[in-house]
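J.: The listed protein sequences derive, respectively, from chains A and B. Take the first sequence: its position 194, counting from 1, is numbered 194 in the working numbering, and each next residue is one higher. Take the second sequence: its position 182, counting from 1, is numbered 182 in the working numbering, and each next residue is one higher.
Check the hints yourself; a few may be wrong.
Stated by the list, open to error - Partner residues are not named here, just some residues of chain A that face chain B (Cβ under 7 Å, in silico):
| # | residue |
| --- | --- |
| 1 | R73 |
| 2 | N141 |
| 3 | V145 |
| 4 | K170 |
| 5 | K204 |
| 6 | T217 |
| 7 | H222 |
| 8 | D223 |
| 9 | E231 |
Quick caveat, the hints were computed from the structure, so don't treat them as lab data. Bear in mind that the values here come from a model prediction, so they are computed numbers and not experimental data. Ideal Cβ positions, reconstructed from N, Cα and C, are used throughout, including at glycine.
Residues per chain are reported as follows:
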Amino acid sequence: MKVTLKIWRQKNAKAKGRFVKYKLENVSPEMSFLEMLDYLNEQLIKSGEDPVVFDHDCREGICGACGLYINGRPHGPEKRTTTCELHMRSFKDGGTIVIEPWRSKAFPVIKDLMVDRTALDEIIRSGGYISVNTGSAPEANSIPVGKHLSDKAFDAAECIGCGACVAACKNSSAMLFVAAKVSQMAFLPHGKPEAADRVQSMVKKADVLGFGGCSNTYSCEHDCPKGIPVEFIAKMNREFFKAKVCKQKVE
Amino acid sequence: MGDKRIRITTVSQKYIMALAGIFLMLFLVVHLSINLLMVVGDDGKLFGQAVQFMLTNPLIKITEYVLFGGFIVHILLGVILWAVNNRARPVKYSKSLKTENSMFSKYMIHTGVIILIFLFIHFFHFFFVKAGIVPIPEVAEGDKHDFFSMAVVTFQNPLYSFIYLVSFVFLGFHLKHAFQSAFQSLGLNHNKYTPAIKFIGTLYAIVISVGFAIIPIYFYFFY
Ligand code: HEM
Ligand code: SF4
Ligand code: FES
């Protein structure tokens, strides 16, 4: 395959970025998208140029580190596929591929295609955990959990924190991410004691960090590589309302 | 755990917007039901009785104030959210988003502003007359509640009929997204009933916009 790449190059957070065109030949359709970029970088390094910086780690769709905005879609054209699991066979031979970083006020560009997603960690830090000492595992039947609820919790837990929902949203809203994390714990007995505090802190934190609000546009659901449904955003709204109405202020 | 900088979260704002929006959507049903009495062909007799009821019932009077409040809250929050959401992506993508989404949701502020401009024009024709801000048109013969005659002169003007019709199309676009969106904002999304909500919402948007459109069409072509 032959492809023309239009890649966003930006020296650092402060610098002004611009698109640079690269022509790449002998690309195998079996290459993954990131292997194609590795291949480009090898050639750049050989010719003494600065390689393109992009984020990645597991390369098997589980860590959430990769994430490129490819031809107008976060994680590219395939549904439920992370950038690392995308293959060149999904693209046209001889076509042009435009690659940009996630664009959001809360995700400053570090270099080229790599953005700083600390904001998502900060949201987790504001309440996305259960504060008990775990110790050794309890006896399996001591806390019964319905199959339906454990399935739901697991669906929510599939979120890998990649930020594609933010990238896909016209408001750069992180609500699908927040909703997944809030729901995952709200479904289970272990998460219930702190549910009210958790949802309020996490929602507020997302706002403070500069993510937009949810306009129910539902792009996030379509581009989430793990297929997290917007149903969880409704669940989060429900939890939020419950917390606001029922929770006593302790201060 | 709290951060004091943001007092009302976007989730709360959407919650309030949805409640106000649902109230406005109910109001539209009442408004349309009464207006359709104009086209039954009795020169506004039945319509006049309904207007009389609306003008004298104290409950309706109170509801009118709530209605104004609802509009103001809905519009203010709509504009605030739009501004906040706009700021969340200072550097735009060069390739616009290709992602599937609910199309009208992207243009809520635009359709909303069109509705707002329409409301002003609409108020000049009717509400401001009642409130005494705009002089009573001649046909009404000094009766500031003779909305039927006012409708006749308004809609026999092709420009106004056209403006009304176009506005109703945009109102339909707003409502198409708004109906199901309000349920989602209130946390009501369930695979059992959400498909029904979406269907009813589409139906509602069509009935409201077509229903209102009947009135200028009737007066322009058939009266
Ligand atoms: C009779 C008139 C109107 C009705 C029945 C109505 C109804 C609604 C409803 C039910 C929603 C959904 C709320 C949600 O998603 O929770 C909505 C959203 C919205 N409305 Fe209206 N609306 C009306 C007029 C207006 C006007 C005059 C504006 C002017 C600015 C406006 C601006 C908006 C905006 C910007 C949104 C989207 C907010 C967001 O999701 O970020 N609306 N409307
Ligand atoms: S909800 Fe989906 S798109 Fe958003 S961070 Fe989680 S996995 Fe990524
Ligand atoms: S590199 Fe881990 S999900 Fe893509």
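J.: All the hints need checking, so say for each whether the structure fits it.
T.: Here is how each hint holds up against the structure:
no.	hint	verdict
1	R73	holds, 5 Å
2	N141	violated, 30 Å
3	V145	violated, 20 Å
4	K170	holds, 6 Å
5	K204	holds, 5 Å
6	T217	holds, 4 Å
7	H222	holds, 5 Å
8	D223	holds, 5 Å
9	E231	holds, 5 Å
The earlier numbered hints that this structure contradicts are 2, 3.
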